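In order, the protein sequences belong to chains A and B. Residue numbers for the first sequence follow this note's numbering, beginning at 20 and rising by one. Residue numbers for the second sequence follow this note's numbering, beginning at 130 and rising by one.
Any given hint could turn out to be false.
Said to hold, decoys possible - Using 20 Å as the maximum straight-line C-alpha spacing, the simulated SDA-like pairs for lysine to any residue come out as follows:
#, chain 1, residue 1, chain 2, residue 2
1, A, Lys-213, B, Ser-360
2, A, Lys-213, B, Asp-278
3, B, Lys-371, A, Leu-24
4, A, Lys-109, B, Lys-240
5, A, Lys-115, B, Asp-224
6, A, Lys-125, B, Gly-201
7, A, Lys-115, B, Ile-136
8, B, Lys-329, A, Val-208
9, B, Lys-334, A, Asn-22
10, A, Lys-217, A, Trp-122
11, B, Lys-371, A, Gly-209
12, A, Lys-125, A, Ala-192
13, A, Lys-115, B, Leu-134
14, A, Lys-115, B, Glu-209
15, B, Lys-321, B, Val-261
16, A, Lys-220, B, Ser-360
17, B, Lys-178, B, Ile-136
Because the hints were derived from the structure by calculation, they are not lab data. As the structure is a computational prediction, the values presented were derived from the model and not from experiment.
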Amino acid sequence: MGNFLTSSSIGKKFVMSISGCFLLLFLIFHMVMNATAVISPEAYNVICAFLGANWYAVAGTAVLALGVLVHFLYALILTFQNWKARGGVKRYAVTKKEDSVSWSSKNMFVLGCIIVVGLIVHLYNFWYNMMFVELVGQHQNAMGFAPTDGASLIMYHFASIVWVIVYLVWFVAIWFHLTHGMWSMMQTVGWNNKIWLKRLKVIANVLSTLIMLGFAVTVIVYYLKSVGFDFFGLISW
Amino acid sequence: MNLTLKIWRQKDAKSKGGFETFKVEDVSPDTSFLEMLDILNNDLIHEGKEPIVFDHDCREGICGMCSLHINGFAHGPDTEITTCQLHMRKFKDGDTITIEPWRSSAFPVIKDLAVDRSAFDKILQAGGFVSVNTGGVPDANSIPIPKKDADESMDAAACIGCGACVATCKNGSAMLFVAARVSSLAKLPQGKVEGARRAKAMVAKMDELGFGSCTNTQACESQCPKLISISHIARLNREFLKAKFRD
Ligand code: HEM
Ligand code: FES
Numbered sequence: 020m021g022n023f024l025t026s027s028s029i030g031k032k033f034v035m036s037i038s039g040c041f042l043l044l045f046l047i048f049h050m051v052m053n054a055t056a057v058i059s060p061e062a063y064n065v066i067c068a069f070l071g072a073n074w075y076a077v078a079g080t081a082v083l084a085l086g087v088l089v090h091f092l093y094a095l096i097l098t099f100q101n102w103k104a105r106g107g108v109k110r111y112a113v114t115k116k117e118d119s120v121s122w123s124s125k126n127m128f129v130l131g132c133i134i135v136v137g138l139i140v141h142l143y144n145f146w147y148n149m150m151f152v153e154l155v156g157q158h159q160n161a162m163g164f165a166p167t168d169g170a171s172l173i174m175y176h177f178a179s180i181v182w183v184i185v186y187l188v189w190f191v192a193i194w195f196h197l198t199h200g201m202w203s204m205m206q207t208v209g210w211n212n213k214i215w216l217k218r219l220k221v222i223a224n225v226l227s228t229l230i231m232l233g234f235a236v237t238v239i240v241y242y243l244k245s246v247g248f249d250f251f252g253l254i255s256w
Numbered sequence: 130m131n132l133t134l135k136i137w138r139q140k141d142a143k144s145k146g147g148f149e150t151f152k153v154e155d156v157s158p159d160t161s162f163l164e165m166l167d168i169l170n171n172d173l174i175h176e177g178k179e180p181i182v183f184d185h186d187c188r189e190g191i192c193g194m195c196s197l198h199i200n201g202f203a204h205g206p207d208t209e210i211t212t213c214q215l216h217m218r219k220f221k222d223g224d225t226i227t228i229e230p231w232r233s234s235a236f237p238v239i240k241d242l243a244v245d246r247s248a249f250d251k252i253l254q255a256g257g258f259v260s261v262n263t264g265g266v267p268d269a270n271s272i273p274i275p276k277k278d279a280d281e282s283m284d285a286a287a288c289i290g291c292g293a294c295v296a297t298c299k300n301g302s303a304m305l306f307v308a309a310r311v312s313s314l315a316k317l318p319q320g321k322v323e324g325a326r327r328a329k330a331m332v333a334k335m336d337e338l339g340f341g342s343c344t345n346t347q348a349c350e351s352q353c354p355k356l357i358s359i360s361h362i363a364r365l366n367r368e369f370l371k372a373k374f375r376d
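Next up, chain A with everything else stripped away, as it sits in the complex (with noise of 0.2 Å):
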């Protein structure tokens, strides 16, 4: 059963489709987890010492990571795989896309890059200056805020309108990343017919939607509490 899972086309979709899904679950409570700096920033530091240093944090990372990786690794395999069957170099002098084809579903790997690099930044950003200072056994990063004190980290970044920018422009890759992954990896595992396609289109549409916006308005809130504005004292931190 085992070698199905790498040596079948439908195997390793299997495995793209189970590790984006995995993805998507961390995505989701980390979006929940974000939100509660717009509400509390205390509450939002509570949360990051307690995803520091410990076991179960650093094994939650270990998890993530190995996830990130397989997902990543199987779309290098199967993206090669792909390019090599339509005729590798041999390829239509004209293509035109189909009406009904989305943007999102032709572009996975390119938007998946688009991730990959942005995620690099975002591990710079936050966790090295985070659960690696503690790592490390340091008690301050190089802004001189404490390693658990995630709150005034968001503050630091999102004061400038340029990381402002790049953390969007990254949502909105996720965003078309998942329009197209969520239905996906549905019918990647046989669950889908013709009655549940648009039904499933539906919700990933809202799911992203609802996920990027989550992220986004965190970004955004910190970003104009930075330029002075109070939101008629609804956001009174």
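Put chain B with the ligands on the given structure of chain A with help from the hints.
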């Protein structure tokens, strides 16, 4: 209609090939696309040149022999048809039309616009059948089949094996073809019994022959002359994964 044609010419499987430009004049809009190529070939023969090789047989959309990638679309810029059902009224006077052979490493070019699609036969030989002991003809009503299953099976069985799904897929994937065959048999009691073996054998052959994997773009479905739905691909995935996990 007067048209400029940019047609892929390739001497044999080994040579490199390239585009050659031709003019055809006074073509009626009611001419079929393949008749238009016949007219061009007639001219070429009269001029003592070699005619362009392209596949065709029934010319009524049922055999699956005609192919061609026309202006960026498998079977040309119309839906629900094969190339033999495409007519020149789909184009405008003065148009330049680019005609290419189907591109997939599992469908190598034989000559000009003709490609070798015997890979599909090999996939069918691997499992696209029901092993029956042919005795006497049983009574048609002796095996009751729900209408819904019979319909779904027939929808899948409409596949004519033309290969447009492979030609149009950015991954050169044969999943729609394989799914149609697996699905049409899996939905019937006679085919169900060998469902697991069939799915595994056909997918293994498909992979071995160098077809790509499915990324669910739905391009195949949009270009399929018989509108085979990707819901059959979901069923193939289900059949295959169930069979593998049971092993
Ligand atoms: C935020 C992180 C990510 C999430 C939540 C995610 C989610 C998903 C999901 C749910 C799928 C659908 C699986 C399927 O079609 O069966 C998918 C497919 C895919 N992902 Fe990701 N992904 C992420 C990051 C990446 C990265 C970093 C790459 C690297 C290039 C990547 C490349 C791909 C590719 C090529 C596909 C295949 C599309 C297909 O076969 O249909 N993804 N992803
Ligand atoms: S020639 Fe038979 S389907 Fe076109």
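Index of numbered hints that the structure contradicts, given in increasing order:
none
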